[in-house]
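Q: Chain residues, written in single-letter form:
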Amino acid sequence: MGLVVETTNVSRIYRQKLSAVETRALEAVNLKINEGDFVAIAGPSGSGKTTLLNLIGGLDYPTTGDIMVDGVYVNKLGPDQLAEFRLRKIGFVFQAYNLIPTLTALENTEYVAFLQGASRKHRDHDAMSILRDLGLETLLMRKPAQLSGGQQQRVAVARAILAHPKVILADEPTANLDSHTGEELIDLMFRMNRNLGMTFIFSTHDKMVMDKASTLIKLHDGRICE
Amino acid sequence: MLTFIRIAWRNVVRNPGRSLITTGAVAFGLAALIFLKSFVTGADQQMITNYTDLLIGHIQVHRRGFQNNMGLDKSISNPSKLARALLSVPYIRAWAPRVKDFALISSTESSAGVLLMGIEPADERYLSSLHERVRVGAYLNKGDDDKVVIGRQLAENLRVGVGDKVVLMSQAADGSLSSAAFTVAGLLDAGGEEIDKGLALITLKAAQDLFVLDDKISEIAIETTSLDDVQEAVEILKNKIDLAQFEVLTWKEISPMTYQWLKFDQVFTGLILVIVLLIVSTGILNTILMSVLERKHEFGIMSALGTKPDQIIFVVTVESFFLGALGCLLGGLVGVGLSYFFGACGIDLSSISEALNSFYIGSVIRPKIDAASTALYICVILMVSILVSMAPARRAGRLKPVDALAG
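So the protein lines, in turn, are chains A and B. When we follow our numbering, the leftmost residue of the first sequence carries the number 1347, and every step to the right adds one. When we follow our numbering, the leftmost residue of the second sequence carries the number 94, and every step to the right adds one.
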């Protein structure tokens, strides 16, 4: 398996606009993740987990250092190229689900595939197939507000998977779910990882997620400590 | 593309209260504009029709220079030759020869200066509506060569009535002082001072005799099949007569004041259009801006998933277009409906009929839809609804996903 993510001396410093106060969210982070890994990034709140995922996913720029994902230096891309990078290479599963509120479960699942230019026929077929696998076949036409947290998170996973990304970034995906639903979701993603060979990178506090991970990275005060 | 349009549409219906207020404001603005324009168009057309029908006609043919300096020395000799040219011009519905000059009219009590017009009563009936404005007495008939019809106010000034004698005096074409006595046959009540206070009508023959003109005339007044045909008829007519000798004038040139008034009317309507557009624009801008700020997080999600800035701008712009289009649909229906309704039954403004009469507008105004202006207003509002969305759309497109998701 080849290298899919590599960060070199990555730092992210937040500066407040009207003061000289600096917050060092990440400092000199170096890590390498192989294709097909099931990686958990653990650490207390404020340790920089979300910041690291945001940087890998091209949602933000590092203050210093380089981030390479699937051979692309993410920190060197402009806004349009970053959008294209996220579209082709990254799948996101957010803690707050982050489905588009005006679209149905089916449309949300298809959204990224639509942006990628997949035909309606293919999108419908693949989305329905995945949603069926996730036990959501009766909820296709429901809007996010009509779904439970667990159901929304499964739609978010379906959306990420349907896009066939190189890496799926999941920011504390079980944080808002009860333990049973959370466990089901992690099992689901673990199966996807095993069956489809997709690389998963989680940020988590959850012991159960850490136990499933093939690689565990511990962050503390913005530095990798283990 | 369809998915973006679907997202935009659902955003419009997601907050029905806010969307209704915005579309309502657009609809109200457009309906008001269409109705106002229809009202003004109806009133203007009434004014033009009344004014041209009353006296001047749509076109007049004179000897060159007559319009600027009216005088018997600029009379048309051999008018039958000119009449033959008129027969071959399409769009001409009626025409009538006239003699025109200033004269002094005197009664036993008083005297006044008037515009004296010699007319062929039978021809004039097809051209002007003066005969309908005789409120007391009778209009002229063929052979009434010793009778005169004068304005009501002129009669009051002269202290004469129907059946009384007046004397008309003027310098004749041969330079002599000419005068003749006439019996007042009828009193005109046209509504405008110009006619009611300053016009006297006698037969063409009586005028030619008074002014010693033989068969010469001062002008030929022409009515075309419609006001829209005037320009074309003028162009054709100009090719058929000797322009070194004659001038062909449209009603706009004969009565530049009326034409200027209509122009002013158009500018005034245009000004109101701009004000309404500003109000409509502010409404749409406010809605879109609020909507963008409220959905910052949503745009962050779209951006994080790989939606390009241009695609987000497209969604916001289409949303604004929908609001504008809905408003236009509603406003168009209401505006056109109101204009048709009042066009059919008329708006009675008899309480201010005196003021309207002085502009040759009747007391009942019938709004008339101006299709071109209506289409223009709709296009402008649709364009404005797209243009005002540009700033908030760009703002949405430029959001940094990490900030938008956090916010």
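Don't read these hints as lab results, they were simulated from the structure. Positions of the beta carbon are idealized from the N, C-alpha and C atoms, including for glycine. Mixed in with the good hints, there may be bad ones.
Some chain B residues near chain A, calculated using beta-carbon distances under 7 Å [said to hold, decoys possible]:
1) Lys333
2) Ile394
3) Pro494
Derived BS3-like pairs (lysine-lysine); straight-line CA-CA distance at most 25 Å [as the list claims (entries may be wrong)]:
4) A:Lys1422 - B:Lys493
5) A:Lys1512 - B:Lys493
6) A:Lys1363 - B:Lys258
7) B:Lys167 - B:Lys389
8) B:Lys167 - B:Lys309
9) B:Lys298 - B:Lys309
10) A:Lys1489 - A:Lys1558
11) B:Lys401 - A:Lys1489
12) A:Lys1512 - B:Lys401
13) B:Lys167 - A:Lys1422
14) A:Lys1378 - A:Lys1363
15) B:Lys235 - B:Lys174
16) A:Lys1489 - B:Lys309
17) A:Lys1467 - B:Lys174
18) B:Lys389 - A:Lys1363
Derived list of chain A stretches under chain B, where covered just means 3 residues or more per stretch with a C-beta under 8 Å from a C-beta of chain B [as the list claims (entries may be wrong)]:
19) 1369-1383
20) 1387-1394
21) 1457-1465
Q: Next, verify each hint and record whether it holds.
A: How the hints compare with the structure:
Hint status for B:Lys333: violated, given a least beta-carbon distance of 67 Å to chain A, over 7 Å. The interface hint given for B:Ile394 is met, as the beta carbon of that residue sits about 5 Å from the closest beta carbon of chain A, less than 7 Å. The restraint placing B:Pro494 at the interface with chain A holds, with a minimum CB-CB distance near 5 Å, inside the 7 Å limit. Proximity of A:Lys1422 to B:Lys493 is assessed by CA-CA distance (about 16 Å); at most 25 Å being required, the pair is judged to hold.
Distance hint between A:Lys1512 and B:Lys493 is fulfilled; the C-alpha atoms sit about 23 Å from each other, no more than 25 Å. A hinted pair counts as satisfied when its Cα atoms are at most 25 Å apart, and A:Lys1363 with B:Lys258 does not qualify at roughly 97 Å. Proximity of B:Lys167 to B:Lys389 is assessed by CA-CA distance (about 79 Å); at most 25 Å being required, the pair is judged violated. With a C-alpha separation of about 10 Å, the suggested pair B:Lys167 and B:Lys309 falls inside the 25 Å cut-off, and the hint holds.
Straight-line distance between C-alpha atoms of B:Lys298 and B:Lys309 comes to about 10 Å, which keeps the hinted pair within the 25 Å bound. Pair hint A:Lys1489 plus A:Lys1558 does not hold up; C-alpha atoms about 32 Å apart against a cutoff of 25 Å. In summary, the hint linking B:Lys401 to A:Lys1489 is supported, as the alpha carbons are separated by about 24 Å, within the 25 Å threshold. Using a Cα cut-off of 25 Å, the hinted pair A:Lys1512 and B:Lys401 holds, with the two alpha carbons roughly 19 Å apart.
With a CA separation close to 87 Å, the supplied pair B:Lys167 and A:Lys1422 exceeds the 25 Å bound. Proposed proximity of A:Lys1378 and A:Lys1363 is contradicted: the alpha carbons are some 33 Å apart, above 25 Å. Between B:Lys235 and B:Lys174 the alpha-carbon distance is near 23 Å, which keeps this suggested pair within the 25 Å criterion. Of the supplied pair hints, the one linking A:Lys1489 and B:Lys309 is violated, its CA atoms being roughly 88 Å apart against a limit of 25 Å.
The straight-line distance between the Cα atoms of A:Lys1467 and B:Lys174 is roughly 80 Å, outside the 25 Å bound, and the hint therefore fails. Taken as a hint, the B:Lys389 and A:Lys1363 pair is honoured in the structure, with Cα atoms around 20 Å apart against an allowance of 25 Å. Evaluation of the coverage hint for the region 1369-1383 of chain A: breached, as 0 residues show C-beta separations to chain B shorter than 8 Å, against a requirement of three. Residue count for the region 1387-1394 of chain A with a Cβ under 8 Å from a Cβ of chain B: 0. That is fewer than the three needed, and the coverage hint is violated.
Closer than 8 Å: that is the beta-carbon criterion, and the region 1457-1465 of chain A has 5 residues meeting it against chain B, so the requirement of 3 holds.
Consistency note: the structure conflicts with the earlier hints numbered 1, 6, 7, 10, 13, 14, 16, 17, 19, 20.
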